[in-house]
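Please arrange chain B on chain A, whose structure you already have, making use of the hints.
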Amino acid sequence: MAPRHTARLAQALILAAFLGLAALLATTTAEHLAQRGIRSGFDFLLEPAGFALGESLLAFEPEDSTLRAFAAGLANTLRVALPGVGLALAVGILTGFARMGDNPLLRGLASAAIDVFRNVPLLLQLLAWYFILTDLLPAADAALRLGPGVYLSKSGLALPWWGEQGFETPEIAGFGIEGGARLTPEYLAMLLGLVLYSAAYIAETLRAAVEALPPGQRLAALAMGMTPRQAFLLVLLPQAWRAALPPVTSQLLNLFKNASLAVAIGYPDLVSVAGTSLNQTGRAIECLSIVIAVYLLLSLAAAALSRHLEARNLRGGHE
Amino acid sequence: MYRLAPSPSARARIGAVAIAALACLASPAHAGKTLDGIKSRGQLACGVSTGVIGFAAADSQGQWRGLDVDVCRALAAAVLGDANKVRWVPLSAQQRFTALQSGEVDILSRNTTWSLTRDAALGLHFAGVTYYDGQGFMVAKKSKVSSAKQLKNAEICVQSGTTTEKNMSDYFRAQGIKVKPVVFDKFEPSIKAFFSGRCQAYTTDASALAFIRAKEAPNPDDYTVLPEIISKEPLAPAVRRGDDEWFAIVKWTVNALIEAEELGITQARVDGLKASPDPAIQRFLGVGEDLGKSLGLDRDWAARAVKAVGNYGEIFNRNVGADSPLKLPRGLNALWNKGGILYAQPLR
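Protein chains in written order, with this note's numbering: chain A, 1 to 319; chain B, 1 to 348.
Since the hints were made in silico from the structure, they are not lab data.
All C-beta atoms, glycine included, are put in the ideal place defined by N, C-alpha and C.
Do not take every clue at face value.
[Unchecked claim] Taking lysine-lysine pairs in the BS3-like style, the calculated list, with each CA pair at most 30 Å apart, reads: (1) A/Lys257 x B/Lys166; (2) A/Lys257 x B/Lys85; (3) A/Lys257 x B/Lys186; (4) B/Lys338 x B/Lys39; (5) B/Lys338 x B/Lys307; (6) B/Lys149 x B/Lys186; (7) B/Lys152 x B/Lys215; (8) B/Lys274 x B/Lys251; (9) B/Lys232 x B/Lys274.
[Claimed, not checked] Derived list of chain B stretches under chain A, where covered just means 3 residues or more per stretch with a C-beta under 8 Å from a C-beta of chain A: (10) 91-105; (11) 116-123.
[To be verified] Below, a sample of chain B positions facing chain A; criterion: calculated Cβ distance under 7 Å: (12) Val52; (13) Lys166; (14) Tyr171; (15) Ala193; (16) Thr224.
Chain B on its own, in the form it takes in the complex:
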């Protein structure tokens, strides 16, 4: 008695579903080059995190700020001539690769670790490291733990959707220690659980630990970050495969920001330096040679990028370094000739 023939309206609905399904099957748009798309839209679609202070977070006025954000702003300045022509697409860790693969964003600038699997299997290219990070641990001082090796049988709170869980498991396996991860999908519950005392330790990238201790802890002095850095996390912006021209533009814009610091080109001095006799500076600013042409851009692209956001050192200090609440040391992220490992390929 419950088996009824489909009513006319049900049939209409089935038809509508079929049409919708067919529409989904239509081929992906081969709109040609990413750059053409950006220019015709007049906007760069930039995938950022949903909120990591120092890297990408909207401030009280709704302005996106951070190191990852400035990479996109520099790129928009280089490509479109206006650092504000960016559409910000906040992406969760699970969404990020799909959003890039499907063309929803032109660039993923979202504290994403460059690793073999991601590089080789996800249909994307990483365009140069913008921040060298590493995973660490935070514990309550009263636990008297001073090394990660003392965390035997500890419960460790962690946010899912990163390389963090695997690094942690690798590290403790190598140490022959067992720990129990407590995995949350959202950031807030994960730190709330840690600060309520549910877990004996919290793990994530060291840059984020500094932020969490400074800004989220009920009393920062009750917590300490352990000395062990258990992984290499080179954070890098990524682009889709299949568009080498766009890949080159992103790669060289990142390079240009680092090179600018090396050459001493700052946001304030960029215009004045056009009169500089130094050939490297002249090339960078497009006074003599036109480097932009080989990238499909104009000769002022690099100058505009630096004028918009400053050189790498300025970006670092403003967002995560000395002039920011995070006060992270330059460390590995200093230039190669200043004790760090940042080394821009030459712009020539």
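In isolation and in its complexed conformation, chain A is listed as follows:
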């Protein structure tokens, strides 16, 4: 047999052994659960959840199914992760530019911010942002008015938005602010924490990519009569960007996974919903495997997308 075939055969055998082990693990677990009188299975997903969610992009009531609760949790995760990815990219690129720029003040500030946000554990940053927001902001009945219908208070940022009665302007009423849309302190702290943490890494990645270019590139561009700015934007950045893309996408993927820390500051994401369901039903393995499967699938999809982007980027070459 050709060596290539041997390798294929070995791979097939390893794969078969792995799948066999996985199946054995699953059946043994199910058997042991049954032996110990522990109910298992995914039937609980269709039963009413029985608990409410503080905020949800997807309309959710306690009488809805647990499955819908998981979906609402996932929607909440995406609600913070997707804008987080866009903002982290924007803030990261701007910080990276500032870090590499000529202005010493900007450079110093960017460098200090990168050091702080990269070196403090994300969980601590999230808790710090959350308690800064909830401690410092005024109570809802004394909300800061930032503009017509825009209020900032302990219950979050209220904005005019389309609601049940058409376009609504938030008003101070009852326990807080009613009408329009509201971004809770939990959401704002999550977004802020995730964006700044990831942006610091992206800025450093970008700087590393630019500084890794051979110095001749910049010198040649300057010799051609380009200004330093033109040399950076037209010659250095396009090359650096290609090198930076894989680590940057991996950082954005990390942002998505880090969103699972949300329950620490009371944001009802997928992990929070799974934790509550686990406690109501006692189905530990089931609830956790749903979370793992969702994160795995979404991460793999995102990784495939980023590989596609990288491939296109490489093909594109110099235009």
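Showing chain B alone in chain A's frame:
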């Protein structure tokens, strides 16, 4: 160019993973009875909470104290003859049932509510109620809320991992009121968020509310606990299914602590009462009949339990009642003949 054949070291690693996976598949140990295991280890593995003052919390010397803790100490005294032979396993709300199911602990004595789903579907047995609790609400006095029914559209801080979220949702659905829970996985952020004014109310079991108001509030007088108790929370120790002998030992030790209060057997008097002419006291202390034998224990088991931690009334007063910082009234947790609902099945 990135697709490389697995290197020899990678192959070795795959092999190691496979062996580890096989090891995980080995059958659960059928070590026979839980009691035999405890005796051969010389230690009772007791699952407690990670820290609820009055129920289970380590003090400044690292000693575990509380009502749930004393149940385990009484059990260790009854079974092993020494209340200190306990290995404390602090468990989060999410971990607790798995720890019991998998055999990591022999008993779960961790302010856990006895409910149908848990009893029927989690492979465990509850061995008798040690504290009748109920869920309540705490609000800031300046909010001028005097009833839970005024909490329409309020945001309510709550710690996840309990029956609390569901009770709250049930209660407000029945009232036709909508509220917004803000759910935290840890205790500290949940109360910090409430005291910073993020939520208009905080909800948990009434016993814990008393503690939080007394010990965690910046100024206890600024906060008040609302009169509504919205749920029944009978807190009970639990054991794994499949070992009826051990279940009986735990059940009757809990019963014995309550019966001791009824019979007037206290920690201080337990030795002196051996001379008592009362047949019920004699039976309890193993002077006449040997009740321990049917449980697989010796005749002094109940006497040792009471000598170690006192009777139920003493345990209550020391940990959550009049002699404790919580100062909770006996309420439902008084004996049946003293206005409460504690009623021990007869030890005979």
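The hints, checked one at a time:
Restraint check for A/Lys257 and B/Lys166: the C-alpha separation of about 28 Å stays at or below 30 Å, so the hint holds. With a C-alpha separation of about 43 Å, the suggested pair A/Lys257 and B/Lys85 falls outside the 30 Å cut-off, and the hint is violated. At roughly 20 Å between alpha-carbon atoms, A/Lys257 and B/Lys186 fall within 30 Å of each other, so this suggested pair holds. Taking the CA atoms of B/Lys338 and B/Lys39, the gap is near 38 Å; set against the 30 Å cutoff, the hint is violated.
Of the pairs offered as hints, the one joining B/Lys338 and B/Lys307 holds, with about 23 Å between alpha carbons and a cut-off of 30 Å not exceeded. For the hint linking B/Lys149 to B/Lys186, the alpha-carbon distance of about 27 Å falls within 30 Å, and the restraint holds. For the hint pairing B/Lys152 with B/Lys215, the CA-to-CA distance comes to about 28 Å; that is within 30 Å, so the pair holds. Our distance criterion of 30 Å between C-alpha atoms is met by B/Lys274 and B/Lys251, whose separation comes to about 24 Å.
With a CA separation close to 39 Å, the supplied pair B/Lys232 and B/Lys274 exceeds the 30 Å bound. Counting residues of the segment 91-105 of chain B whose CB lies closer than 8 Å to any CB of chain A gives 5, so the stated coverage by that chain holds, three being the minimum. Counting residues of the segment 116-123 of chain B whose CB falls under 8 Å from any CB of chain A gives 6; the rule of at least 3 is met. Given hint, B/Val52 at the interface with chain A, is violated; its Cβ is 16 Å from that chain's nearest Cβ, farther than 7 Å.
A distance limit of 7 Å between C-beta atoms decides the matter here; for B/Lys166 the minimum to chain A is near 5 Å, and the interface restraint holds. At a threshold of 7 Å, the smallest CB-CB gap from B/Tyr171 to chain A is about 11 Å, leaving the interface hint violated. Among the interface hints, the one on B/Ala193 holds; its C-beta lies about 6 Å from the nearest C-beta in chain A, closer than the 7 Å criterion. About 16 Å separates the beta-carbon of B/Thr224 from the nearest beta-carbon of chain A, more than 7 Å, and the hint is not met.
In summary, the structure is inconsistent with hints 2, 4, 9, 12, 14, 16 from the numbered list given earlier, while agreeing with the others.
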